[in-house]
Amino acid sequence: MSVPQQTLESLIEEPSLFKQLGLRDWLWAAVVLAATAFLFAQYGNGMDGYEIGILAMSAPSLIGLGWYWKAFQPYALAVAAFSLLGIWLYDGSYANAEVVFGLKFLVSSQSAVMWMSALFVMATVTYLGGLVANNEFTLKTGSALTWAALIMGMTGLMVRWYETYLVDPEFGHIPVSNLYEVFILFSLITGLLYLFYEGRYKNRSLGGFVLLVISAAVGFLLWYSVSRDADKILPLVPALKSYWMKIHVPANFVGYGSFALAAMVSVAYLLKERGQRVNPNGMMATRLPSLDMLDDVTYKAIALGFAFFTVATILGAMWAAEAWGGYWSWDPKETWALIVWLNYAAWLHLRFSKGWRGTPMAWWAIVGLFVTLFAFLGVNMFLSGLHSYGEL
Amino acid sequence: MRNSPTSSTRLINFLGSMNLAISLLVVVAIASVIGTILRQNQPYTDYQIKFGSFWFDLFKALDLYDVYSAVWFLSILAFLVISIATCVGRNTPGILRELRHYRENVQEKSLRAMKHQTVIPTAQNAAQAQALAIRILHNQGFKTRQKASDDHAVVAGMKGRANHWGYWLTHVGMIVIFIGGLLDSRLPLMVAEWQGTLKPETRNIPAGEVPAISQLSTSNFSYRGSVDIPEGSRANILFQPMREGYFVQHLPFEVEVKEFRVEHYSTGMPKSFESDLVIHDKDLAKPLETTISVNHPLFYKGVAIYQANFGDGGSEVKLRLHPFSSRYAAQDLDGKIFGDYNLTSSDQQYKLELKDFRLFNINDMEDETGKVKKKNIGPSITFKLRDATGQAMEYQNYMNPVSIKGQIYYLSGVRASPAEPFRYLHIPVDPKGGMERFMRFLSNMQNTELVKKSAIETTRSSMQQTNVQNTEVENQVIESMVRLTEQFASKGSEGIMQEIAGRFPEDKRASASEAFMKVLNASLRSVYAETLKQEGISGELKEADWLFFDDSILAIDKIAAYGSPWFVQLSTFKQIEASGLQITRSPGKDVVYFGSAMLVIGVFLLFYVAHRRIWVWIKPLGENQSEIVVAGSSNRNQPEFERYFNRLQGIFQQAMAYEVKDVSSTTNP
Ligand code: HEM
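So the sequence lines, in the order shown, correspond to chains C and Y. The UniProt record's numbering numbers the first residue of the first sequence as 1 and each following residue consecutively. The UniProt record's numbering numbers the first residue of the second sequence as 1 and each following residue consecutively.
These are computed hints drawn from the structure, not numbers from a lab. Mixed in with the good hints there might be a few duds.
20 angstroms max Cα-Cα, derived PhoX-like pairs, lysine-lysine [to be verified]:
id, chain 1, residue 1, chain 2, residue 2
1, Y, 374, C, 232
2, Y, 301, Y, 282
3, C, 104, C, 232
4, Y, 373, C, 232
Okay, the calculated bits of chain C under chain Y, using three or more residues with CB under 8 angstroms as the criterion [as the list claims (entries may be wrong)]:
id, region
5, 9 to 19
6, 163 to 173
7, 303 to 315
8, 318 to 332
9, 335 to 347
Using N, Cα and C, we set each Cβ at its ideal position, and we do this for glycine too.
Modelling step: build the complete structure from the supplied sequences, incorporating the hints.
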């Protein structure tokens, strides 16, 4: 029997990254590059060297992300479309937020965030319902609702970015500057991370767990905006007027989001583990993914979170060096970032080197979320320090 | 014979142990919490008040007011670093071996015993199978070594060696960061202090008077402190805080602040803090002029100068003292913030200590509708008034009248200690925009003649209305009016209460006080009417006038507790600001950044590169027959590796099933 060389080649040769890319991927890259070029042409005059650097870096990051995670492409395009719609409807006047129908009910930042909130809560209920009813279609609806929430939320942030300039060109800033804005960011990043793993593992049964924490964040967000007028657009205090904010805060929230995801997957782990012991034919034991997979996702999320949190903390130190005159001042926020970091470093060591797995690590990941939560929220609420801009 | 471990290897084993590492990570985390719960580096008196002397002493002994410089905390950190260093030192030879060796000398037995292994029979001869195996592994990104012997051949592949570099970079990065931090730390100061060659200054005295033992020379390696420089002045020192005191650090140049500015947004919130600096240095041909602002420091000669905050730099103010007693005259005073002034115009000696001037005060204010909004209520001065016994009250007076719920007042806050909130005196503003009417009303109340005259008028007119003629009652009422008004004007309602308590038994007091209030009210109203008459206003009084009356009475009631014989009014000012600069020299910064870069690269390599080994054992089984054993291992992330190995196994199986005609055409490294 003789087989053509070609076939063997195609069998054993790992296609290179570029060969795996289809026309769609190249189109994606072209769109991102075109958008970047457009932004640069439009706003380049107002940017300093660092901001141009950040813009230049975001293009390849976005392209890479879209290539690595295909679902990100339509998502980003939908966000872009909605955001452009918002900007177009504003037509240069902030007053239109209350007048133009499309803004008032859809894409002004406040409405978009309301949509996001409602959709997240609906998605949570749907995912949980799907899990209980063991119904794939319901679970799929949960995913769709989550995607919709993420589109609206990101649109809200994008439009808000534009709005800050509309209110007063001097106010303009990236909307990651106060608790209201970062809670939106947190919900979005956690949701995106979840959907990424959902796609990777082709399993939707964890949605209800992860979205619970997002719904809690949304609840806080709504309370906070109603009781404190937190959604009002205010100018930045001088200490926050820095390009560092653009990279430090998002990097931090990839960390927070991953840790939250890890904790919620750990909750599922514990339920599954208990289910297998107590009621092997019950819902938890039969419908949740395997313990190995849950463990694996927890690890991946913590590793990702840890890596980004490391970067974010270092970026924070560099910013502090520039704004306060010292890269490390043992300010409560910094110190709590270190505590979070040390906590997960200990977690990773136990897993790497001692091979700990399973229940204790799941509990630790859940405790880790509370430590993280304190660093993220508790410090602003209870401790005073240089980071006091986000006070409740 | 096995040697029992010596004590030094035991120590190394202990220091480099994972258990110790994990415990230390957790201990450092917990220890760090303490310093965030207990506010660090506050004045010791604050702690004393807060905790009482027992806990204060205990916490002090434990260094809890400056945890992060405490010997015990630094020791734990040092321990952590020693542990990391030991671990790296111990693992490095192993890592190098691991990176260099492909382990082509494995035994077939051990491959077959591996968790990930598969046996594939193939119709290819050994040479073909070996070439194919190499091709597959190369395509998968492996580097390979081979070894052939009589009865078998081994292809050993390895990839992802960077993972081990990741381990190395992460841990060494942390050591480097720690060393950088040490370079910038206050450790040398602490050692010098311990040796007795340095001692922090705790008194609040001018820098020029600080003794040499609290001064640090320009050659000091690293420092971080702050200095407030008034506009138009210069400084060549900074203050480096040290527990409850400070050191004076000398700078290798002089910093002059030409001007300090606050730029504002349209909302009145500050947008930017900026200082125009001039650096005077003999090494410079001409002074260096530059502007710094928050987030935009100046770096000069390895020293960084940051805009940290701002304050008053000795503003010039003109004050007018309105006495609350008609016996004193009003007084004008020209002062400077941070100056002390002796006041002589009252019976007692007072010292006026000017503390602060603020151009803007953004406060929460209630408007007519009761909604609270942030509003700029204009300039204020803060001062203390110290009496002859040394007791002082602190005041904050606003220059401009402030509108509260639609009424306009001069505001003055008073408190006995900084721990208390301010209590406010609201002096109503008269229609002419000043406080003349209020002061005249007050002074009229203290004028016995006038009070008596108006008391008589009021009493007569009301008696005429009721047609009662009784001189005795009339005189009694008049006398009460005068007395009560006098009491009220000097001691407020407290005075009336005393009067009642002195004259009536317990059970009569309630009814007496009601009667007294009526009488007092009638008297005050008539004095008020008289006051307005002096202004030229007569006839029926308007509602606004009565509102003013009510507010005045409320204010006068509080004067007794106000503690100052004057209302100090700010009439004009010339603001002189001081720029608060943070000045640091931190040569360790770049070391820290370098370590951070190592750490970040290391972490990503650790997580996202897996070190994998694959062995292919090829055993010829006759002419066109062989059997291969494919086995693999990875140092971490087993689930991932399992998926990978299964895929690879599939590739091997299919490839080996093919009959290959021409293997020579394939590359063979
Ligand atoms: C960025 C955080 C850290 C990461 C990602 C990390 C990673 C690792 C890894 C992967 C190992 C195991 C090496 C192997 O099994 O091949 C290890 C071992 C170790 N790490 Fe870390 N480490 C970190 C921080 C620390 C810290 C802060 C300490 C300080 C105590 C530390 C001390 C140790 C020690 C003592 C070992 C044991 C070495 C041995 O097995 O002999 N690590 N670390």
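Cross-check of the supplied hints:
Under the criterion of a C-alpha separation no larger than 20 angstroms, the hint pairing residue 374 (chain Y) with residue 232 (chain C) is consistent with the structure, at around 14 angstroms. Simply put, residue 301 (chain Y) and residue 282 (chain Y) have alpha-carbon atoms about 13 angstroms apart, close enough for the 20 angstroms limit, and the pair holds. Among the hinted pairs, residue 104 (chain C) with residue 232 (chain C) is consistent with the structure: their alpha-carbon atoms are about 15 angstroms apart, no more than 20 angstroms. Taking the CA atoms of residue 373 (chain Y) and residue 232 (chain C), the gap is near 14 angstroms; set against the 20 angstroms cutoff, the hint holds.
Coverage of the region 9 to 19 of chain C by chain Y holds in this model, with 4 residues showing a Cβ closer than 8 angstroms to a Cβ of that chain against a need of three. Counting residues of the region 163 to 173 of chain C whose C-beta lies closer than 8 angstroms to any C-beta of chain Y gives 3; at least three are required, and the coverage claim holds. Note: the region 303 to 315 of chain C has 7 residues with beta-carbon separation from chain Y under 8 angstroms; the three-residue rule is met and the coverage holds. Closer than 8 angstroms: that is the beta-carbon criterion, and the region 318 to 332 of chain C has 11 residues meeting it against chain Y, so the requirement of 3 holds.
Only residues whose C-beta sits within less than 8 angstroms of a C-beta in chain Y count toward coverage, and the region 335 to 347 of chain C has 8 of them, enough to reach three; the restraint holds.
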